[in-house]
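Heads up, the sequence shown is in the working numbering, so the first residue is 169 and it goes up one at a time.
I should point out that these hints are in silico values taken from the structure, not numbers from a laboratory. Even glycine gets a Cβ: it sits at the ideal position worked out from N, Cα and C. Misleading hints may appear alongside valid ones.
Claimed, not checked - Simulated crosslink set (DSSO-like; lysine-lysine; CA at most 27 Å straight-line):
#1 Lys226 / Lys196
#2 Lys196 / Lys258
#3 Lys244 / Lys226
#4 Lys258 / Lys226
As the list claims (entries may be wrong) - Label pairs and their computed distance ranges (CB to CB):
#5 Glu234 / Gly257: 31 to 37 Å
#6 Lys226 / His265: 32 to 38 Å
#7 Lys196 / Glu268: 36 to 42 Å
#8 Gln233 / Val259: 28 to 34 Å
#9 Arg238 / Glu268: 46 to 52 Å
#10 Glu263 / Arg199: 22 to 28 Å
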Amino acid sequence: MILAFSVAPTETPDNTAAMSEAVSRAVKIVRDSGLPNETNAMFTLVEGEWDEVMDVVKRATEAVQEVSPRVSLVIKADIRPGYTGQIEGKVASVEKHLGEG
169 MILAFSVAPT
179 ETPDNTAAMS
189 EAVSRAVKIV
199 RDSGLPNETN
209 AMFTLVEGEW
219 DEVMDVVKRA
229 TEAVQEVSPR
239 VSLVIKADIR
249 PGYTGQIEGK
259 VASVEKHLGE
269 G
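Use the sequences and the hints to build the structure in full.
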């Protein structure tokens with residue numbers, strides 16, 4: 169499965185640094201997981217089996233909760249058993265079609 173998620177504190181001191189510091193805690197959990205992942209301006213993608221991906225999301229959320237008592241979590245998943253390497257594979261497929269023009 170590929171899971172895209174965004175986790176962020178909803179209550180922080182009045183500064184952008186507090187928000188990015190909290191999100192950095194979550195991203196570190198994902199990167200340290202050893203699972204394929206990618207972070208962009210809006211979401212973090214993580215790929216793996218259901219239980220291991222959900223564990224990473226839970227731990228990332230808990231890391232943000234250490235900074236804020238209230239947390240926003242958005243999740244979108246592509247559940248496709250038997251497929252791996254899809255974080256790169258899906259993009260490569262689109263790029264292939266773009267190159268055909």
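Okay, the hints, checked on the actual structure:
Restraint check: the Cα-Cα separation between lysine 226 and lysine 196 comes to about 13 Å, which is no more than 27 Å; the hinted pair holds. Straight-line distance between C-alpha atoms of lysine 196 and lysine 258 comes to about 24 Å, which keeps the hinted pair within the 27 Å bound. Taking the CA atoms of lysine 244 and lysine 226, the gap is about 14 Å. The hint holds against a cut of 27 Å. Restraint check: the Cα-Cα separation between lysine 258 and lysine 226 comes to about 25 Å, which is no more than 27 Å; the hinted pair holds.
Glutamate 234 and glycine 257 have their C-beta atoms about 35 Å apart, which keeps the hinted 31 to 37 Å range intact. Between lysine 226 and histidine 265 the beta carbon distance is about 36 Å. The supplied range of 32 to 38 Å therefore holds. Judged by the Cβ atoms, the range 36 to 42 Å given for lysine 196 and glutamate 268 holds: they are separated by roughly 39 Å. For the pair glutamine 233 and valine 259, the supplied restraint of 28 to 34 Å holds, since their beta-carbon distance comes to about 32 Å.
In this structure the supplied range 46 to 52 Å holds for arginine 238 paired with glutamate 268, their Cβ-Cβ distance being about 47 Å. The hint said 22 to 28 Å for the Cβ distance between glutamate 263 and arginine 199, and at roughly 24 Å that hint holds.
When each numbered hint is compared with the structure, no violation occurs for any of them.
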